[in-house]
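Sequences and hints are given; from them, build the entire structure.
Going down the list, the protein sequences come from chains A and B. When we follow the numbering used here, the leftmost residue of the first sequence carries the number 1, and every step to the right adds one. When we follow the numbering used here, the leftmost residue of the second sequence carries the number 1, and every step to the right adds one.
Keep in mind that the hints were calculated from the coordinates and are not lab data. Please note: incorrect hints may appear among the correct ones.
Heads up, incomplete: computed chain A residues facing chain B, CB under 10 Å, no partners named [as the list claims (entries may be wrong)]:
#	residue
1	S265
2	V268
3	E300
4	G304
5	T312
6	R314
7	V316
8	S317
9	L471
10	F486
11	D487
Computed from a predicted structure; not experimentally measured. Backbone N, C-alpha and C define an ideal beta-carbon position, used for all residues, glycine too.
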Amino acid sequence: MTDTYDVALVGAGHNGLVCATYLARAGKKVLVLEANAEPGGCAATREFAPGYSVSSCAQWLNQLHPTVARDLALENHGLRWAARELASISLDVDGRHLTQRGDYVEGGNITAADSAAFRKFHAKTTRYAKLLAGAFEARAPKLVESNLTDRLTLIKLGLGLKMLGRDDMSDLMRIILINMHDVMEENFDNAQLKGLLSLDSLLGSHMGPRTPGTVFGYLYRRVGEVFGHAGHAQVKGGMGALGQAMAASARAAGVEIRLSSAVASIDVDAGRVTGVTLSDGEQISAGIVVSNADPVTTFERLVGLRNLETDTARRVSQIRCTGGAAKLHLALNGVPVFTGLHQRQLGQRLVIAPDMNYIERAFNAVKYKEYSTAPALDISIPTVHDAQLAPAGGHVLSAIVQFAPYSPRGGWEAHRDTFTQLVVECIARYAPGIEQQIVASELLTPADLERDYGMTGGHWHHGELGMDQVLMMRPFPGATQYNAAFDGLYLCGAGAHPGGGVMGLAGRNAAREIIKRGAAA
Amino acid sequence: MMLTTPFHSRIAAACELNCWGDWMGYTTPNAYTDVELEYFAVRNAAGVFDLTPMNKYRITGNDAEAYLNRLVTRDVSKIGVGRVGYTVWCDEAGQVMDDGTIFHLAENDYRICAYARATDWLHWSALGFDVTIEDETAEVAALAVQGPTSCAALTAMGLVGLDQLKPFGLTEFDFEGEPLVVSRTGFTGDLGYELWIAPHKAEALWDRLFESGEPYLIKPFGTHALEMARIEAGFLQAGVDFMPAEEVVRNGRSRSPFELGLGWLVDMEKSVFNGRRALQQELANGSRYRFAILDVDGNKPANHSFVLKGNKQVGTVTSAAWCPTAKSNVAFAQIEMPHGAVGEELVAEIYYQRELHWTRVLAPCKVIDAPVFSHPRRRATPPGNF
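Take a look at the structure:
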């Protein structure tokens, strides 16, 4: 059986759905093929214990691009907010917590000097993030070929850089390639503040505060504020509800979505894509194939290295995409009590990253394929704002755990329980007694995230957001403007420019590129 | 420290002129006695050339054919066992990295002979393929025996039945208990063979060859005589007529197969091979250059000449020689499109020096459609018993 579509899109992740919607609105007949039973990719909600549900991959919404949200009319398609503009609270064992929201920081023995320095730092980095945001909204320019669109992007970037003024410009050029640790030391004294901001620079990555390029990671995250997210937001029903809203919007635009339909291969012939073959053998013809899968999955597994030219195969094989973050989900039979934390603060974003060395030591372990014995955590207790996620009186706690290796020595099964216990004990130092409230728990290691969400290496961003893999280098030279290796083959996921985070720009930019190329696509 | 080949003791003894060159780090003779006499040995009797420095890579494994098919531009599946194929390979920009020959030694067993070192590229290209790649440059000694009496001389040495070997065929003999691989290939455009053997048998092979070849006027020849023969026969030399793409530093200095007149080696029917995407675009958008063989007036070789159309420079000469057998003054040129079509008349701006006096000649020349030397004995099987 052979069906014919204009576009076969591999993966109903959020970028895939965004891309599909724009393409369908431009008149293309689009089929989205998703291996999982639910749309949304990393925007997913899962019942991990009877009655207890959680955002099983991404847990905060803090970067979604407003144009994407508006164009897809997500609120008309069911998106509801459980909470918005949440603060980040860096937990302290003794209860001297530090709270940060926007440019305001309080608690944690912060000095007036540090508060003032942070306001200044925040204002400056916001200006930098604005510059990046502009570059993220267009395709990454090619440097060698002179093309009008690319020149305009470069001119805009260059002009934007110049407009920062001499001091800001030289400072940005100075810090963008260096590490967060050094920049934090230059600016602040407060260990908690430095720890909190450092964690922001490397969440989801395989980097420590002293890793070069982490300042870029921080600015990358701050782009969310430029897009109008003052703090972190929580989607009602969990992130899966966002996936559902996007799928509804796509369907309304005429996109056909087939769930539980895994693509086994992207088919190519004589320099062009011809369609895809599903794991059950069904072939689907399409002149354009768009992959929401990560670049390694796309090229190594679906296209096959043998079908690529040597340079492309080599670049694909060198993409750095080993993740370092795990997810821990706890089902609790009561409200957890954190030392010194008021109940009304419980629904904020809670962070365990007391100082930069704490994070760096946590990172050390993963370099040697070991898990952190004192990991840094980004905790969400979504039931505070959204009771439907747990049975009455119950709560769920979801934590991003930095760091866990993709493949520890001896395999994950030998370590899963020990590591789970270790992370629970780590939380219990801040919330004594929480162990007794646990009804069920689930640990998703990077290997599990790879299996469940098709992310090679379990890396959230489908490839490290290192300076060697961003902008005109993302995912690799020769594939930077969404099209790669074959006529008609496009990338639209986090592995493409600008990168990961539930932002939607990779999907939107890819769709724009495909539409722009028209028949030539 | 320069390397020497396993034939060096014999070559050094024969190299009366002591005129040495550097070929990929190996000490190689530019000329033994007299370049013209060496050249005429190739065209009228038999000449022997040491090609051991040629880079040789062994490709084995279940995916050997698929691997090579992705690597090179032509369809390797059409090179049967016991056959040799000339080909080029390109980078992703469709620019020629090298030319060379593929020897299909046995099922899933190939040897590539290449001008440039290619270890890294061959290994990168192996991603996703079940192949083993071995650099056997130093493990295989090689001699070319070229010229009308080459078959007779080799038969006299004991290679009975060699006359049945077709052009681009390869076969194996026993040589003092070692396998001796013989292919009917060469770089002179004449009847000729190449012999491949383990290094410890190299000197014995040389001695036996010259002993039994004596009645057939066998003679060693060096790089300079080879240069004349290959230009006469229309063969490109990597590093001379094109720059291997990986060695090019300046933008635009490399060439595609189409720009080198080697489009016949490119099989666009293959679904994927290195450079395919770029070559497809080149076919659609046109090439920048055209390879032309020029028949130049007069007898001054047009080495390094500018090629003019009227007063405008439209190209440059990469190789040139007075070709004694064809009695032609030949030049290979890179001509900017749209110039250089067969029959077009151009002018070679030749500079030459006699006794410190420089002279400039504007020699009319014409683009010809084929190499000036092409003898039926190159292709005849069995070859005539000269």
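Quick one: which hint numbers does this structure break? Sort them smallest to largest. 1, 9
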